[in-house]
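Colleague: Here are the chains, one letter per residue:
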Amino acid sequence: MARILLHRDISTARGALGMKWITAIIKPFTLDDVRQALTEVGVTGMTVTEVKGFGRQHGHTELYRGAEYVVDFLPKLKLEVAVADEQLDRAVEAIIGAARTGKIGDGKVFVSELEQAIRIRTQEVDVDAL
Amino acid sequence: MPCKQGIGNRESGIGMARTLARLGFVGAGVLASMPAWAQAAAPTHIDSGDTAWMLTATALVLLMTIPGLALFYGGMVRAKNLLSVLMQCFAITALVSVLWMLYGYSLAFSTEGMQAHVTNLHSFIGGLDRGFLAGLTPDSRYQTVPESVFVMFQLTFAIITPALIIGAFAERMKFSALLWFSGLWLTIVYLPVAHMVWSGPGSFLGDLGVLDFAGGTVVHINAGIAGLVACLVIGKRRGYPNVPMPPHNLGYTVMGASLLWLGWFGFNAGSAVAANGSAGMAMLATQVATAAAALGWLFVEWIVHGRPSVLGIVSGAVAGLVAVTPAAGTAGPGGALVLGLIAGVICFFSATRLKHKLGYDDSLDVFGVHAVAGIVGALLTGPLASPKLGGFGTVESLGGQLWIQAKGVGFTVVWSAVLSLLILKLIDWTLGLRVDDEQEQIGLDISLHEEKAYNLS
Numbered sequence: 005m006a007r008i009l010l011h012r013d014i015s016t017a018r019g020a021l022g023m024k025w026i027t028a029i030i031k032p033f034t035l036d037d038v039r040q041a042l043t044e045v046g047v048t049g050m051t052v053t054e055v056k057g058f059g060r061q062h063g064h065t066e067l068y069r070g071a072e073y074v075v076d077f078l079p080k081l082k083l084e085v086a087v088a089d090e091q092l093d094r095a096v097e098a099i100i101g102a103a104r105t106g107k108i109g110d111g112k113v114f115v116s117e118l119e120q121a122i123r124i125r126t127q128e129v130d131v132d133a134l
Numbered sequence: 016m017p018c019k020q021g022i023g024n025r026e027s028g029i030g031m032a033r034t035l036a037r038l039g040f041v042g043a044g045v046l047a048s049m050p051a052w053a054q055a056a057a058p059t060h061i062d063s064g065d066t067a068w069m070l071t072a073t074a075l076v077l078l079m080t081i082p083g084l085a086l087f088y089g090g091m092v093r094a095k096n097l098l099s100v101l102m103q104c105f106a107i108t109a110l111v112s113v114l115w116m117l118y119g120y121s122l123a124f125s126t127e128g129m130q131a132h133v134t135n136l137h138s139f140i141g142g143l144d145r146g147f148l149a150g151l152t153p154d155s156r157y158q159t160v161p162e163s164v165f166v167m168f169q170l171t172f173a174i175i176t177p178a179l180i181i182g183a184f185a186e187r188m189k190f191s192a193l194l195w196f197s198g199l200w201l202t203i204v205y206l207p208v209a210h211m212v213w214s215g216p217g218s219f220l221g222d223l224g225v226l227d228f229a230g231g232t233v234v235h236i237n238a239g240i241a242g243l244v245a246c247l248v249i250g251k252r253r254g255y256p257n258v259p260m261p262p263h264n265l266g267y268t269v270m271g272a273s274l275l276w277l278g279w280f281g282f283n284a285g286s287a288v289a290a291n292g293s294a295g296m297a298m299l300a301t302q303v304a305t306a307a308a309a310l311g312w313l314f315v316e317w318i319v320h321g322r323p324s325v326l327g328i329v330s331g332a333v334a335g336l337v338a339v340t341p342a343a344g345t346a347g348p349g350g351a352l353v354l355g356l357i358a359g360v361i362c363f364f365s366a367t368r369l370k371h372k373l374g375y376d377d378s379l380d381v382f383g384v385h386a387v388a389g390i391v392g393a394l395l396t397g398p399l400a401s402p403k404l405g406g407f408g409t410v411e412s413l414g415g416q417l418w419i420q421a422k423g424v425g426f427t428v429v430w431s432a433v434l435s436l437l438i439l440k441l442i443d444w445t446l447g448l449r450v451d452d453e454q455e456q457i458g459l460d461i462s463l464h465e466e467k468a469y470n471l472s
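So the protein sequences, as listed, match chains Y and D.
Going by our numbering, the first residue of the first sequence is number 5, and it counts up by one from there.
Going by our numbering, the first residue of the second sequence is number 16, and it counts up by one from there.
Because the hints were derived from the structure by calculation, they are not lab data.
Be a bit skeptical, because a hint or two may be false.
[Unchecked claim] Quick list of in silico lysine-lysine cross-link-like pairs, DSS-like style, CA-CA up to 25 Å:
hint	chain 1	residue 1	chain 2	residue 2
1	D	K467	Y	K56
2	Y	K24	Y	K112
3	Y	K82	Y	K56
4	D	K251	D	K403
5	Y	K56	D	K95
6	Y	K31	Y	K56
From a predicted model like this one, the values you see are computed outputs, not experimental measurements.
Please construct the entire structure, taking both the sequences and the accompanying hints into account.
Modeller: This is the structure in structure tokens:
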């Protein structure tokens, strides 16, 4: 019910102010720098999840008393940020600038369209809700 | 007053003879040729300095099992089985303490019916005359310390020995089976071997002249062989060796190994049963051998695998502690250095190569470290006791003592292997040794104890 109500508000009141959803996979130790860089370009909120995965870096081997284990999945952080269209370039640059070490395994940034955002407390929508 | 009489016999008999056996006298009938310091060991009163040290040493040896060994092993299992390992160490501590009071001390240290160089039933097992610690009073004395302190000191050895074995079958044994195994193993394997080595004139291995200062044979070979038999009988963990089973917290393992190193001073220096020069030399030899073994393992691993590992250096230290245990009172610092180095290097290969080659799943290397280092130590104790090699024992010939040590090792290996096998089979046929597949998959902490070590959120 609520969702339908809000949808109507968006289409009537907000029009075409677009938003983007940024998903970045980064090395865990870069988080503080990334957070600070994003704050400096005006991003006010983000969500971080501890994840495991591999890309070109693949894993490493561990050796315990002669027993060798290949660890495929490495710990990474998944950072999710919603931004207004005009913030997108600065935000992506901020993430890349802070998370880049130049070594294999630095991670990736994915950008996708974000259709709708609602702040639960006030029911503000879209860019106002970010 | 038969009990009082018993204590009187102990003072003059076992106390003296055990000192002799521990200090390197071949046979016990050499009173006439004893040097002055050994004659001073014929005590008539309780010495407060000796007593203070033995009270301390006893607490140190208890520290080896809880929390030392518990953490050492606990860090090496997977997170889902941490509590089961801690629980096993703690429960064994409690169980053995009670059994020791009921009959353990008596079966191990009663000298009832024993006579020097006469082999009879009591050469192998003590009588029950000291059951329920009958006759023990504040005035009872063992050498220069209260007998109550000696009872406690020896109890801590009886606790750690079955606790060592749990590393072999970690992550898959039923708790009920563990309790039965520990109680039966203590009774049928440990108490007789302790009696045969340490109970004085008329004891089977003591009369042979086997040197075992602090329990290389009684504790480490005994437990290590039982561990090998146990992991063969109970079978591999599900998925071993294809599923990765890395240690879940090597920090615990390092803390545990450090506590073992600390506690081992009570184990080895305490085995002098006095605060004297022998205790001091035992402490020194322990430190030197342990350090040499830690470096030995470290550097061999660095050469072979290209990395110096944390688990490697602490495993090497434990191998050194085990190897020096029988030699601590008789080897010199140089002997301890060589002994440690050899033990560290050999145990690196036994724990990393032999195990994988033979394919048994001795989860935490009870055999690869304790039995192997125990055997290396027990054998080398013979020659290293000789003053020719810097030792402080009275050894007639290097080869002769080596042969005596080999007989002691061989006897203990067979005794422990055969009787451990019987106990394990008996439990397997009646109660079942092993948890079911689902319980093993979930982990013993949840499936047996309904608790988790880590509630992170």
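Colleague: Which hints from the list above does the structure break, by number from lowest to highest?
Modeller: When the structure is compared with the hints, only number 4 turns out to be violated.
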